[in-house]
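Colleague: Assemble the whole structure, with the sequences as input and the hints as a guide.
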Amino acid sequence: MLSWPHAPSWQALAAQVTPAIHAAIGRLADITDEAPILPERIEVGPQDGPLGTRRGTTLFLHPDLAGSGVHWSGHQHLLDAGLHAIALDRWRATIGIVLEAAVLGALDDRPRDPMEAAWQQGLAAHAVDEADPHLGWTRPAAVHLLTRPAAGLLQHPRAAVWWARFLGMTALRTPFPTPDLSAWTAFGAHIRDQSRGPAAALPVAVSPAAAEPWTSTFALAPWSHLPLERGERPAGRRWAVAGPVHPTELAPRDEPEVVVFGTVEGGTVQLEQAKDGPVGTWRLDSGGMGGQVGSARGVSLTLTGHGRASLTAADGFVGPVSADILDMAEQYGVSGSADGRWRLTGLADDRQSGTLRISGLHDGMATVHGRGGMGFALPAEEWLTPVRQFLLMIEPLPLQWTLHDQGQKLTIAAPAMARLELRFSRER
Numbered sequence: 001m002l003s004w005p006h007a008p009s010w011q012a013l014a015a016q017v018t019p020a021i022h023a024a025i026g027r028l029a030d031i032t033d034e035a036p037i038l039p040e041r042i043e044v045g046p047q048d049g050p051l052g053t054r055r056g057t058t059l060f061l062h063p064d065l066a067g068s069g070v071h072w073s074g075h076q077h078l079l080d081a082g083l084h085a086i087a088l089d090r091w092r093a094t095i096g097i098v099l100e101a102a103v104l105g106a107l108d109d110r111p112r113d114p115m116e117a118a119w120q121q122g123l124a125a126h127a128v129d130e131a132d133p134h135l136g137w138t139r140p141a142a143v144h145l146l147t148r149p150a151a152g153l154l155q156h157p158r159a160a161v162w163w164a165r166f167l168g169m170t171a172l173r174t175p176f177p178t179p180d181l182s183a184w185t186a187f188g189a190h191i192r193d194q195s196r197g198p199a200a201a202l203p204v205a206v207s208p209a210a211a212e213p214w215t216s217t218f219a220l221a222p223w224s225h226l227p228l229e230r231g232e233r234p235a236g237r238r239w240a241v242a243g244p245v246h247p248t249e250l251a252p253r254d255e256p257e258v259v260v261f262g263t264v265e266g267g268t269v270q271l272e273q274a275k276d277g278p279v280g281t282w283r284l285d286s287g288g289m290g291g292q293v294g295s296a297r298g299v300s301l302t303l304t305g306h307g308r309a310s311l312t313a314a315d316g317f318v319g320p321v322s323a324d325i326l327d328m329a330e331q332y333g334v335s336g337s338a339d340g341r342w343r344l345t346g347l348a349d350d351r352q353s354g355t356l357r358i359s360g361l362h363d364g365m366a367t368v369h370g371r372g373g374m375g376f377a378l379p380a381e382e383w384l385t386p387v388r389q390f391l392l393m394i395e396p397l398p399l400q401w402t403l404h405d406q407g408q409k410l411t412i413a414a415p416a417m418a419r420l421e422l423r424f425s426r427e428r
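Position 218 of the sequence shown, counted from 1, bears residue number 218 in my numbering, the numbering being contiguous throughout.
To be clear, the hints were calculated from the coordinates, so they are not data collected in a lab.
These numbers come from a predicted model, not from an experiment.
C-beta: ideal position from N, C-alpha, C; glycine also.
Worth double-checking, as some hints may not be accurate.
As the list claims (entries may be wrong) - Just the calculated beta-carbon pair ranges, DEER-fashion: (1) 27 - 116: 54 to 64 Å; (2) 181 - 405: 19 to 29 Å; (3) 169 - 308: 19 to 29 Å; (4) 406 - 241: 45 to 55 Å; (5) 352 - 204: 50 to 60 Å; (6) 337 - 405: 22 to 32 Å.
Unchecked claim - In silico DMTMM-like pairs for lysine to aspartate or glutamate, Cα to Cα no more than 25 Å straight-line: (7) 275 - 180; (8) 275 - 350; (9) 275 - 232; (10) 409 - 395; (11) 275 - 193; (12) 409 - 350; (13) 275 - 257; (14) 275 - 421; (15) 275 - 395; (16) 275 - 254; (17) 275 - 349; (18) 275 - 229; (19) 275 - 255; (20) 409 - 285.
Modeller: Below, the structure is given as structure tokens:
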């Protein structure tokens with residue numbers, strides 16, 4: 001017989017919850033194939049303590065469970081967030097913690113390792129959920145995982161129930177699995193999945209925590225996740241990841257994404273941007289489009305490791321190989337520059353080819369001038385109009401790039417654009 005504190009408020013609570021506790025005990029035995037062992041007595045725990053703590057045959061309960069309010073004070077943050085359907089009232093909280101303590105009482109001594117103890121508590125919480133689904137016993141733990149991924153699972157050990165469910169390992173005596181960093185990180189992505197993750201089991205919508213801004217250095221708590229917003233610029237580079245986390249490398253992508261980093265042991269993580277791709281200054285030698293061959297003079301393209309792109313013309317000229325164009329090239333030159341951005345959208349395993357995008361180069365300024373002593377220089381807007389149109393046309397296209405001759409030659413092609421191909425030689 002479970003003994004409760006003699007105070008009238010505790011006796012009133014006992015009278016209200018005891019029938020539900022006794023009804024669920026039998027179901028727990030059927031679900032777990034174990035004989036749950038109820039505590040022998042309830043005592044009042046400290047005001048700053050958890051909902052409940054079992055020590056031997058005694059269960060210490062938070063004093064507010066016998067208070068005058070409706071909800072347990074420990075779920076005030078859920079009430080403040082408007083999650084009244086998830087916050088436990090005093091009666092459900094009491095029933096749940098007594099049943100969970102009874103399940104844990106049927107097991108061997110609690111593990112000393114905090115995560116192994118959390119795993120055991122998660123399995124017990126799953127059994128309580130199965131025995132009395134109307135309690136909503138594991139819903140607050142789901143909110144913790146959704147809204148506080150960086151705090152870590154150990155801040156809310158009952159949340160291990162969702163880790164066990166993700167692994168499909170919910171039998172009560174399932175041993176703690178060998179830590180698998182990639183699986184733990186996959187669990188972090190699963191948590192953010194509104195249709196299949198913990199949010200799908202909640203009675204009201206709860207959105208995952210917003211991703212943090214991209215940063216190259218951050219710290220993680222043990223058994224935690226950190227979602228980072230990888231915008232267009234960081235997405236356009238490969239990143240090496242140093243630290244006790246997964247993933248260990250980020251390949252370039254065409255679109256922004258949220259990257260979920262997961263760690264088991266916790267620690268500091270550093271992200272280092274790799275300088276892959278056709279980084280350098282390249283002289284435009286020749287090209288072709290639509291089967292027509294072109295030549296070039298005095299035009300160079302610079303791509304920096306930080307994503308800047310510069311197009312420079314010094315007494316330059318670009319055009320098809322024809323008598324009238326070549327004659328014009330002998331008489332005139334164009335000088336000027338334009339600055340923009342470039343980013344990788346794909347990278348082959350050998351890092352000698354891939355895809356990229358270039359933007360902003362259509363905004364440059366240039367002058368046209370005579371050659372061979374013809375001392376004038378005029379704005380080259382009419383000359384630049386077709387060039388601007390061309391540069392605008394290629395901005396939406398993923399351009400294919402390939403390095404040749406130990407990185408001394410570069411080809412940039414856009415097969416979808418009349419088989420465009422530009423050929424460059426490295427200047428530096």
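Colleague: Is it true that residue 27 and residue 116 lie within 54 to 64 Å of each other by Cβ?
Modeller: This hint is violated: roughly 26 Å between Cβ atoms.
Colleague: Are the Cα positions of residue 275 and residue 229 separated by 25 Å at most?
Modeller: holds, 21 Å
Colleague: Quickly compare the C-alpha distance for residue 275 and residue 180 to 25 Å and report which way the hint goes.
Modeller: It is violated: about 30 Å lies between the C-alpha atoms, which goes past 25 Å.
Colleague: For the pair we were handed, residue 275 and residue 254, check the Cα-Cα distance against 25 Å.
Modeller: Since the Cα atoms of residue 275 and residue 254 sit roughly 17 Å apart, the hinted pair holds (cutoff 25 Å).
Colleague: Do residue 169 and residue 308 keep their Cβ atoms within the hinted range of 19 to 29 Å?
Modeller: Violated: the Cβ-Cβ distance is about 50 Å, outside 19 to 29 Å.
Colleague: Are the Cα positions of residue 275 and residue 257 separated by 25 Å at most?
Modeller: holds, 20 Å
Colleague: Does 22 to 32 Å hold as the CB distance between residue 337 and residue 405, or does it fail?
Modeller: holds, 27 Å
Colleague: For the pair we were handed, residue 275 and residue 395, check the Cα-Cα distance against 25 Å.
Modeller: Holds, at roughly 22 Å.
Colleague: Residue 275 and residue 255: Cα distance at most 25 Å?
Modeller: Given that 25 Å is the threshold and the Cα spacing comes to 19 Å, the pair holds.
Colleague: Is it true that residue 352 and residue 204 lie within 50 to 60 Å of each other by Cβ?
Modeller: holds, 52 Å
Colleague: Would the hint linking residue 409 and residue 395 be met if the CA-CA limit is 25 Å?
Modeller: Status holds; Cα separation ~23 Å.
Colleague: Can you confirm whether the C-alpha distance between residue 409 and residue 350 stays at or below 25 Å?
Modeller: holds, 16 Å
Violated hints, listed in ascending order, are 1, 2, 3, 4, 7, 11; each of the other numbered hints is respected by the structure.
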